[in-house]
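Just so you know, the sequences run in chain order X and D.
Under full-length UniProt numbering, think of the first position of the first sequence as 1, with each following residue one higher.
Under full-length UniProt numbering, think of the first position of the second sequence as 1, with each following residue one higher.
It should be emphasised that the hints constitute simulated quantities derived from the structure, not laboratory data.
Errors might be hidden in some of the hints.
A pair counts as met if it fits within one copy or between any two copies, since identical chains are not told apart.
Stated by the list, open to error - Computed list of lysine to any residue pairs in SDA-like fashion (alpha-carbon distance at most 25 angstroms, straight line):
(1) Lys61 / Ser35
(2) Lys61 / Gln146
(3) Lys61 / Asp180
(4) Lys61 / Glu17
Number of protein chains: 2
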Amino acid sequence: MGQESAHIVSSYEQELEQLRSMMARMGGLVEQQTSQAVAAIADRDENAAGIAADLDPQVDKLERDVEAMVIRILALRSPVAGDLREVVSALKITGDMERIGDCAASIARRSLRTELVTSRISLSGLRGMGRLVQDNLRRAIDAMSQRNADLAREVWQSDTAVDELYNAMFRELVTYMMEDPRNIGPCTHLLFIAKNLERIGDHATNIAERVYYTATGEILPVVRPRGGFSGQGG
Amino acid sequence: MGQESAHIVSSYEQELEQLRSMMARMGGLVEQQTSQAVAAIADRDENAAGIAADLDPQVDKLERDVEAMVIRILALRSPVAGDLREVVSALKITGDMERIGDCAASIARRSLRTELVTSRISLSGLRGMGRLVQDNLRRAIDAMSQRNADLAREVWQSDTAVDELYNAMFRELVTYMMEDPRNIGPCTHLLFIAKNLERIGDHATNIAERVYYTATGEILPVVRPRGGFSGQGG
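Make a model of the complete structure from these sequences and hints.
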């Protein structure tokens with residue numbers, strides 16, 4: 001291999017590595033946003049709420065940076081096969097990560113509302129759901145960074161548990177509202193917070209599906225294991 | 001131009017046209033899903049609910065078909081400049097359209113719930129919001145099909161009105177719940193239905209932003225006009 005083509009190959013590899021490192025950074029940021037958002041709500045931590053909301057513009061900027069890098073690689077390197085699949089998947093994965101950031105920022109903003117801060121509603125269900133979603137997200141991002149199809153498949157399978165916790169929480173919150181109209185204000189916000197946590201779980205599953213596809217070239221079944229028509233989904 | 005290269009150019013153009021026609025078809029489907037979902041809820045039309053839910057697999061399949069076509073074009077044609085931007089944007093736009101389909105299917109599924117079917121809550125606010133969101137979505141899809149930057153900019157500016165209607169609806173529904181605990185069941189579902197309509201409006205705005213970028217190469221301001229921190233957003 002001549003010196004020039006070695007140079008080209010190496011800088012192509014460097015660009016792919018740079019793309020991967022941007023993705024890992026974005027993954028780390030949305031994990032941090034999510035854990036701060038969960039702390040904001042479960043521990044009534046105002047400081048954490050501020051951090052989760054403040055990280056959002058950084059996440060949005062990274063999504064745009066990844067896209068610019070993808071366009072650069074596509075224009076200059078014309079990747080094929082596995083590399084092309086990886087580069088295209090990067091665009092889809094950053095879309096999911098950006099939405100995770102939005103959900104976390106939304107949870108954080110709601111956590112500051114007076115109705116919630118002063119309410120005495122038990123937050124133990126939300127805490128458990130927050131832990132599970134954080135764990136799934138962390139493993140989805142790990143699977144992405146390690147390009148680990150087995151781990152991706154595992155994450156994809158754990159989404160059902162999040163859906164079950166969400167459905168239980170939905171019923172619990174409606175019961176609180178029925179018991180005492182003063183609970184209606186805080187509980188409507190908690191309903192949306194639980195929904196946003198469930199959506200973070202969904203996006204983590206989407207990322208896992210993508211990682212699996214990028215690593216193997218195969219698509220996981222269209223219908224993944226999840227709560228049925230009768231749930232509180234959507 | 002030799003016969004062979006004329007052939008290559010023409011089939012590249014054909015592939016781009018095929019991509020555009022798949023996008024237009026997907027856009028038409030999610031418009032239809034949204035109008036059926038609004039009819040399902042506003043006119044208590046069970047048949048419309050079924051149609052909105054049944055269209056979802058077709059929308060999902062089109063998203064995968066568009067991606068396969070994009071990968072084909074990238075691998076075989078190495079598009080540059082405006083064409084590359086269009087092809088990459090197709091992936092992002094189908095992501096938004098797929099989520100619009102999800103929101104519409106979710107509205108349709110909720111509309112069938114007993115609590116809602118038997119309730120006497122006024123649906124006039126929801127009807128107005130549904131009309132506005134359908135209108136924005138239709139114009140966003142038109143802007144996409146016509147690659148019309150001016151129309152895209154207009155759609156992008158109309159999202160504020162949707163947010164305002166959503167915030168008004170949120171307050172109205174909470175009031176109904178406070179008035180009579182029997183309203184709590186149906187109103188929680190209506191809250192999520194209103195939220196899903198608002199999200200369809202957001203995705204229509206995202207599509208408009210993309211169309212504007214693809215047509216002009218310029219990005220609309222990061223912060224678009226919308227309800228502030230004090231709203232019921234997220």
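Right, here's what the structure says about each hint:
no. : hint           : in the structure
1   : Lys61 / Ser35  : within (20 angstroms within a copy, 34 angstroms between copies)
2   : Lys61 / Gln146 : within (23 angstroms within a copy, 29 angstroms between copies)
3   : Lys61 / Asp180 : neither (44 angstroms within a copy, 46 angstroms between copies)
4   : Lys61 / Glu17  : within (19 angstroms within a copy, 32 angstroms between copies)
The structure fails to meet hint 3 from the earlier list, while all remaining hints are met.
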